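*Asks:* Here is what each chain is made of, one letter per residue.
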Amino acid sequence: MARDLKNFLDKLESIKNSLSEEINKITTSSELDQIRIKFLGRKGELAKVMKGLPHLPKEYKPEAGKVANKIKNVITNLIEQKQLELEEQGAKRGQIDITLPGREQFIGSLHPITITIQEICSVFKSLGFEIVTGPEIETDFYNFEALNIPKDHPARDMQDTLYISENILLRTHTSPLQVRTMLKTTPPVAAIAPGKVYRRDSDLTHSPMFHQIEGFLVDKDVNMGDLRGTLTYFVQHIFSSDTKVRFRPSFFPFTEPSAEVDISCVICNGSGFVNGSPCRVCKQTGWVEILGCGLIDPEVFKAVSYDPEKYSGFAFGLGVERVAMLKYGINDLRIFFENDIRFLNQFTDFPV
Amino acid sequence: MYLSVKWLKEFTPYDGDIDKLAHVLTMVGLEVEEILNPFEEIEDIVVGYVAECEKHPNADKLKVCKVDIGKGELLPVVCGAPNVAKGQYVAFAPEGSTLPGGLKIKKAKLRGEISLGMICSERELGLSDDHSGIMVLDSVYEPGTKLIDALDLDTKVFDIGITPNRGDCLSVLGIAREVSAYFELPLNLPKTNIEKVEIDKLAHIDIEIQDPEDCPLYAARIIEGVKIKQAPSWMRYRLVAMGLRPINNIVDVTNYVLLEFGHPLHAFDKDLLKGNKIRVARPDNKLNFKTLDGQEREITQEDLLIWDAENPVALAGIMGGYDSEINNNTKNVLLECALFNPSRIRRTARRLGISSEAAYRFERGVDQLGADRAIDRAAYLIARFSGGSILKGIIKNEPKKFQHKSILFRPKRAISLLCIDAKTEYCTNILRRLGCQITSVDDEKVKVIPPSFRLDLEREIDLVEEVGRIYGLENVPATLPRISKSFEKLQVSAGADYNFLCKIKQWARGIGLQECITYSFVDKDELISLGETEDKMVPVANPLSKDQDTMRTYTITGPLKAIKTNVDRLNRDLHFFEVAKSFIRDEKSETGVLEKNRLAIALYGKREPNHWSSEVKHVDFYDIKGIVEHLFSTLNLRSQLQFKKTEKYPFLDIQAEVYLDTTHVGFIGSLQNKLKKSYHIKSDVYVAELFLDEIYQLVEKRKIKFKNWSKYPPVYRDMTIVCPEELTYETIKNTLEQSKSKILEQVNLIDLYTPKDKNEKRITLRMTYRHPEKTLTDKEVDKVHGELGKYILEKLPVRFP
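Sequence order for the protein chains is A and B. Everything in the first sequence is counted per our numbering, starting at 16 for the first residue and increasing by one. Everything in the second sequence is counted per our numbering, starting at 2 for the first residue and increasing by one.
Read the hints as simulated data drawn from the structure, not as lab findings. No experiment lies behind these values; they were computed from the predicted model shown. Please note that a few of the clues may not be correct.
What the hints assert, rightly or not - DSBU-like, lysine-lysine: derived pairs with alpha carbons at most 35 Å apart:
| # | chain 1 | residue 1 | chain 2 | residue 2 |
| --- | --- | --- | --- | --- |
| 1 | A | K317 | B | K413 |
| 2 | A | K211 | B | K504 |
| 3 | B | K775 | B | K706 |
| 4 | A | K199 | B | K486 |
| 5 | B | K72 | B | K108 |
| 6 | B | K704 | A | K199 |
| 7 | B | K762 | B | K741 |
| 8 | B | K105 | B | K62 |
| 9 | A | K211 | B | K678 |
| 10 | B | K597 | A | K342 |
| 11 | A | K342 | B | K565 |
To be verified - Chain A regions said to be covered by chain B (calculated; three or more residues, Cβ under 8 Å):
| # | segment |
| --- | --- |
| 12 | 116-127 |
| 13 | 136-146 |
| 14 | 190-196 |
| 15 | 225-236 |
| 16 | 243-253 |
| 17 | 270-281 |
| 18 | 355-364 |
Said to hold, decoys possible - Not close to chain B: a few residues of chain A, all C-beta gaps over 10 Å, as computed:
| # | residue |
| --- | --- |
| 19 | S33 |
| 20 | E95 |
| 21 | I113 |
Ideal placement from N, C-alpha and C gives every residue a C-beta, glycine not left out.
If we strip away everything but chain B, and leave its shape as in the complex, we get (with noise of 0.2 Å):
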């Protein structure tokens, strides 16, 4: 909110440095974002006096000017407005100044005639739309002057950023309260005396509420006999640097005092309302309402509605209705000071994207009491302005009113709560200076009646918060808590929990991947292309742009992102991984979605850094499987390991899924080519998404247990076989495994080679013998090595060669 320093001291005598009180506020809550100068762009602009104003020689339309602007010379400056005289007090920008929008005065010829500056309008000033003639100022002033001092303007602007429950400090009062409490200042409002300037007749129109909880007050005054026209320009320059748009002289009275007061208000041209009447009611049916910015909005029951006898004429506490608002032939005007449910307000404007400064207010709650003061102040400066009169009395209707909250507040529990060193007289005085009052219970309570502007003070925490505020947070000493612990594990969901998950991060950043953190959510259309299924998926409602559309189902779509972003930037050799979770559709979970933790591996290039010694490669399945081969033996699961062979991705053309025994718990495989090219990608990639909640389970129930080995050294025998190229490398290795050879203590495979044109492979295996208790001599070896061979011979189609 934007707060003029000048108009908060017209309000309560404060004054002291800007600085300090910014700083005051803020740390009172009221955060001073910045100090804003709206007139900034008119610094240079100066008052001058048109000394004398002859006709162009070379130009009917033209005048040619001397300004005094203080300087001892008169500029010459040609000027082309058709209200320019001899005489005025005018806004000059002088030769070197720039105005706003950024046109640079410069000396220039025209026709023939010197100008040094220009005489501004309005319009080219930023203070309004007016571009009819040149300002002429309505006073006296020093040639030279500097404009926005002649004009007195509010050249320092607080920008505030007021939180949710400070609805009270949307207003120039309301934050002159808080400075009045907390520097324990007098507080002065302005005063209107309204009783002595209106008129002996007697205000009336009925006022019917349908609803108490939806209107508990409104109030209307009369004003007749106004002519429209400009608001005085103090008020319209006021408006400006407020951030509004001068309309006429009512409209902006309305908006001042909503700026002023915080209380909404509203102005109806009275003769376009039907019959003597307002009501304030929901309608029965849908039914389309065009509002005074021209826009067709369609009403629900739900919406709260201004009515006359006929016909709704105002969006209730939003906006005002097309076909009432005040014009330029209005000669009697109905103003509106009403209140209404935050609630209904809120959720009318938010559905029908309306923002407006008197929603923003009742939302947050406007001050009931507070009604009466905003409606004589407003109608008074209506009358001031427009020549009207005001019509005897405001017409009230309120059926619901105003009820003070009763709180009991123990000052000791304030002061031990706040940690803080204070008396309980010094609580409570707090209290009293923001407009409480107070009476004593007994010697631990008062008992404390808050404001009505103050509607977030309704709990004794509240009010602990208000003691907090003035005594200063800051002021607060810092003590480390003793933090108690009991017995009971904390495990609040399911799942991999946080270290197991910087477990596997950090086992991955061992082994040289780098790790990408990507959004989780992704294009449908990305989802589809890797052959997920509708419903799987988790649709996001409302996304930002159809790129986030839908939650992600697989985790590798972030490192494939990544892989595409530094592909497009032309960097190489990129070995991704990301843990984050998938999402899946299951109505059966509490949010009907399945997050589940994943580990995604994805990569794309040269197998290791390129070195001169010898030609580096670009990794193959075999990375990948490698990867995955090295955290499951990090983790001690390697034995449960193993791959099975899947056509279930259709994203993957080599694939393979992972299991522990008999859990599922990833898959792996190379890309397919025709995805790689929506990924930007030249080469192949190999993947891999590994499910870490089951495999933080079976890590859980891992049991670590030491075994002995044997003291004697082993024997190696090698054994090349030619197979079949169909027969995988498993069977043969199970084969030779499941022969019961109790002195085979592993197999390992070293060399494999596929002769050209033949539908065979040559395997080369070494077997390591070893015996527990002795050591093996060569003879016995040979025995149990050639038995091996015939067993391999008997149970597979393999020969050797």
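Here chain A stands alone, though its shape is the one from the complex (with noise of 0.2 Å):
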């Protein structure tokens, strides 16, 4: 009786001989699961054998089962073994290229445009301005009367203008908004206004159409060095902290004093040179005009109902072509209105 129990116990030390031997002469994966199931499947050879354990006398039986339970570990072992050895030959057989060309979306960007204005409405609203906005389409009364720019006043002259009919015109400023702005609030106020404008002038340095801020601040004692130094605030942080900032007297009938701003060529940083040819983009001064301002004119507190003795402001209003050209070099301003992708796609990032 002996000899059945050391005869199934053969039978099991022989599978997992076989199963060593066949075990490491395969290379794929599914070679492996054939063996898996040829010895463990349930008509898998350990099924076979087992078959005999309840013929087995009754006291061999706890013998028998304890290493046929040991010899299934071991080749269950072996085979898992085997599973993660094949496993990692196959990561490595299987590297894929990772030069090979990425699946890419397509990149979208603001128009340098919307870009400059997020920047520069940013700024401002760093030093503690708001946002307001208005109508493209004004009636004369808050794009010329209101701001002291009379019917039949050569002041008009300074801005050609299209309009609808006699008294409807498309907005030649963001000015209107000092205007709608003061109306629906007391002071103080301190706002800015971006806004698409209107001219009727188009050539290289002109479009019918073009884009502007105008911002002012009304309070009790607000003078000239405090539209300098807001100015001179902007300037540096849009360009460089060591742009320089220039007032010029000039005129606008809605200020007074009024000046015009000019800031160092950023271009040639004020030397009046690039590489050692004249630059182009301020004619070698040295300087370049970017915005008109001042102090607020009386004439506008009127038509709003401020009283100029109590309360001063300022008001200045920029081109924001004018900026973005200086920012990024552009020297053709019909370029902005053309949406060619080649100039679209090289402003991809975008302000926070």
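The task is to assemble the complex, starting from two chains supplied on their own in separate frames and drawing on the hints.
*Replies:* Take a look at the structure:
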């Protein structure tokens, strides 16, 4: 009877041996799957041997069961180990070419005018200005009369106007927002108004539609120093901290005193020369005009019923295209409105 | 305005650097835009002395000269001018020089004779139209001297931008006043001493003025016995330098004095005026009038005319009349020096499209007290150049005398507004230098009477500006204001605010769309081709061109235009958006126009960039729809989103309206084939236009509320149904969702198959089942899924395959 047990145990041992032999020959996981089925499957080698277990004499059964379990574990471990081994090899063999192009998305972009507007607005917001917007088609009152630009006044020559009808026009500047805002509130008020404006003018340096940002502050004791400080802060944040600011007296009907603001040319750093040749942007003057400004004229206060003895204020208006051209070194105004993607693709980063 | 530095120095003895002068003028508000040399083109021309002049051996009309240009040897020159003669000093263009217009002087052989240069006429040098002969200089010069030096021409000319408030600076005198005030230099006016040349015959003519508001002053002088010829060369060349064309010794003087003093003058041929009378009046009826440029002008009752006893003879302040102008036979001159209403002059000049030096100055205001000086100066010069006699006295009608203004000025207020470190005396001193009279009122105030030429100084703030101008705005310190706030929310206009529009743009950029910015006006025909009706359109009354004659009613025209431009330039795969206004006629709104913020999107070409791993398809309807769905998911409004079939948009093939519950917020669709051609588009274009103001209102109202979710796992079951092709997915989905099954969480479409030749489609849906409070068993789910199947069979004309 001991022979029956020995026979049973020998069969188990030979299964283990043949497995060890076969498993060393294989190279793929599908072959391993076959081996798994062959040895561990419901009709596999081990199962066949185990069918003999119930026929063994009772006293040998515990011993035989224990060994059978041990062999099963060994076989399972060998297969698992081989599995890991194959996976590792597989990973090495199937390594992908990481230099092939990835699956891209189209890159969206904001128009450089939008980027410039958002950047400028952020600077003024950080100073405490609020952003307001208003209509692009305006009445003569908001665009001219209330801004101290009466009919038949030569100041109207400064802005060639596109009209809808006698008293309705495409706003020529964002300044109507001064009037609209002041009529809606009482001082203190600090606001900026970005938007499209229109003039009847089209050539290399003029576009019939362009963008402006109007800014104004009305409170007690606002003075030219505040204006200069605010604009210096703006210029140095938008360009660089060493950009110089120059105030030059000028004339706008809705400000007095009025000034044009020049900044040191950002193309040639105010030297007048780029790599030894004359700077075309500032025409060698070292300065470029960037905006108009001044203290708000008492006539404007009259139109909105603010007391000019009690309050004073400043206002400024800047051309967004001008700033964008200087910032990015763009030398053709018309390119902004062509929307060639080779232009737009250069402005994929975005303001926060 | 052009200003010759040399001329300026005749008025005030500035002897500093020219660049510094330009800088100072710029910094007091008279921007020197450019420094020009009007005679740059004749820099190379020198004075030549005709040492010999012989007849050309082989040509009757030519002469062979020997010209000395100070180089030691005499140059042989062949000259065809009739007036060339030995002993003349002439303008000589040496070999290698270039004449105005680009003619390069080369060594030449004319009928066998060598010629090493050219003796020039005035016309060849751009100095006048005279080409009757060579220009013969009237003095003796060192041969070889530069012509521009010999003639002492105005070679430094500032082009100054004069702002509309500074009419007083539209003259040499005006700018000289500023220079003398700034540098504290004396001001020297040209002396006329006219009393010494007037003859003892009293000038007389009747002057009648209809309305003193139109014409506060009309003054005249009479010069008899003039002889019309060229003005002296120094005056002619100076006018050329200032960009004017010399005419004759009378007209040139009026122009010269205009540039000098800024007061426009007009000279009539007195013998062509009927009756001894001048009348300043508007016509009773419309009439036609021929101005001296030969044009017939239609004159209305609003235009001011100068009349003789019978007829109009000049368009007041703008242009003289054709029939009374100075001509070669003029003997007697009536010189006019008047003042006209700026607004009236401006209206007429604008309406008739005339821009004259005179109108330009009258519009900006002329110094009434300077009239005598100007008319005397002109009469004096005319008499000097023409041999005429000035009759005694200025004939004058001045129904409205000049009133000096008186302004109370608080120096301390100027100091605080300008934020400058200055004393009271400093401020008043600046005003005094500028010609103001100052008298003290009390400790705080002074009374300021501005000079008659400074019509722009009317209020205290105007004086504050003057102080700032001369102090130098450049010297104002920079301080940052403390910005105070109020509690009230500042909102100026309704509709989407700036932040919302920024958000939309950022979203669009983020999903790979490129922003374009296009003009708000389009060609009316483009809107018509989109099927827009005229009653909605807002035409521009004075467009620059036809393609900009109407405000766009659809914003989508922008992205389509951008596609057109790029397609023309062979750029591909275009995904544009634009955030801009549409403009629709609306009589109820303030401006008669309803302005609405809109987002327009247009897709053209590939859906995504090409990739080697798989074929990339072109965009289709579900791309544009997906983008719209993405937007409303982002805005947390997806549950309200609906698309409704429509046929409202004549320019779209496939089309749908976009709704958020009951609010119409836009449309999507594909561009019609016949329109593609006009945008140069070959394959399909899908567009969307969304109404941002309406969407903004809903976003403002929207509240995001946190909801907890079930902790238990979902169970999925698929269902394939066969249905008629016309049955929409939305109907099926809504029917399922309305089944009121408590555990049905979601219905998703996972497959759609339309067999060929059959009017039906197979739809496979995946249901997600989940219970809020327990794990569902297979049995429970099978039961509900089975019931759902029965329910759909009952409700809709569908079957299971």
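*Asks:* Please list, smallest to largest, the hint numbers that this structure does not respect.
*Replies:* The structure conflicts with no hint, since it agrees with every one listed earlier.
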